[in-house]
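A.B. asks: Listed below, chain by chain, are the residues.
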Amino acid sequence: MVNRAVTGAHYGLRDWLAQRVTAVVMLLYTLLIVWLLLATPVIDHDAWRGLFAPQWMKLATLLCLLSLYFHAWVGMRNIFMDYIKHGGVRLALYALVIAALIAYAGWSVQILWSI
Amino acid sequence: MRLRRGVKKNSNPLRLHMATRPKYLNLLQIRMPVPAVVSIMHRVSGAALFLVLPLLLAWWQCSLSSPDTFAASKSFAAMPLVKIGILLLVWGYLHHLCAGVRHLASDIDLGTELKSARFSSWLVLAVSIVLTLLIGVRIW
Numbered sequence: 001m002v003n004r005a006v007t008g009a010h011y012g013l014r015d016w017l018a019q020r021v022t023a024v025v026m027l028l029y030t031l032l033i034v035w036l037l038l039a040t041p042v043i044d045h046d047a048w049r050g051l052f053a054p055q056w057m058k059l060a061t062l063l064c065l066l067s068l069y070f071h072a073w074v075g076m077r078n079i080f081m082d083y084i085k086h087g088g089v090r091l092a093l094y095a096l097v098i099a100a101l102i103a104y105a106g107w108s109v110q111i112l113w114s115i
Numbered sequence: 001m002r003l004r005r006g007v008k009k010n011s012n013p014l015r016l017h018m019a020t021r022p023k024y025l026n027l028l029q030i031r032m033p034v035p036a037v038v039s040i041m042h043r044v045s046g047a048a049l050f051l052v053l054p055l056l057l058a059w060w061q062c063s064l065s066s067p068d069t070f071a072a073s074k075s076f077a078a079m080p081l082v083k084i085g086i087l088l089l090v091w092g093y094l095h096h097l098c099a100g101v102r103h104l105a106s107d108i109d110l111g112t113e114l115k116s117a118r119f120s121s122w123l124v125l126a127v128s129i130v131l132t133l134l135i136g137v138r139i140w
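Sequences listed follow chains B and S, in order.
Mapping of the first sequence onto my numbering: position 5 corresponds to residue 5, and the numbering continues sequentially without gaps.
Mapping of the second sequence onto my numbering: position 115 corresponds to residue 115, and the numbering continues sequentially without gaps.
Zero decoy hints are in this set.
Which bits of chain S does chain B cover? Going by a derived footprint, with three or more residues having C-beta under 8 Å, they are: (1) 45 to 53; (2) 57 to 63; (3) 89 to 102.
No lab work stands behind these hints, which were simulated from the structure alone.
We put the CB at the ideal spot given by N, CA and C, even for glycine.
Bound-form chain B, shown alone (with noise of 0.2 Å):
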């Protein structure tokens, strides 16, 4: 009898490559946007959303927030593995997180298009 846990396998190499690409993008993206934020002499109204006007910006930071879902899922996903040992219990927050990081993903782009 196949009994395998809801966990599966297989995906540990591309996750473990995946954690790290999308950490160097968020890194890139944080030296960025530290640096656009300390060349921005006064930061009101206009100078905020005029720094995610651009194209570009939108692009770049929706690539930025899409990498931290996923890296955040990465994470969750493996904090839930080590402690949660009800198989149920974990699918269901494992369902969870994922429901919640697409809402974050379709909110993200709402908020960037919407400037």
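Got chain B; can you put chain S on it based on the hints?
C.D. replies: Same frame as chain B, but now just chain S:
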């Protein structure tokens, strides 16, 4: 691990050792090495940052919507307790970032000796706290 039938209990030191495994360490009783502290903080900060994501998105949206909501989110962030919360998040972010860079270094076999692993752990703690303090001075 179950003992095989027919093997006299406690006859073999190795088998006895196997039989008493696994050991569950009480984290509050053992003295944790610095890399372990950094590792736990990496995990805790990551989970905390995940949990505050909706608040950050709401605040970001508010700050962008209109001049009025921008002013509102600015004065919200200026409240002392909120400021402390923001600084804690900044610290969590910076610690997670520095510990992550340390991870990337270990991946390419940099600093994997015990001595340098301990040193880089102290460095992660120090750099993230110093940067947080600098940002704290700047926003206060």
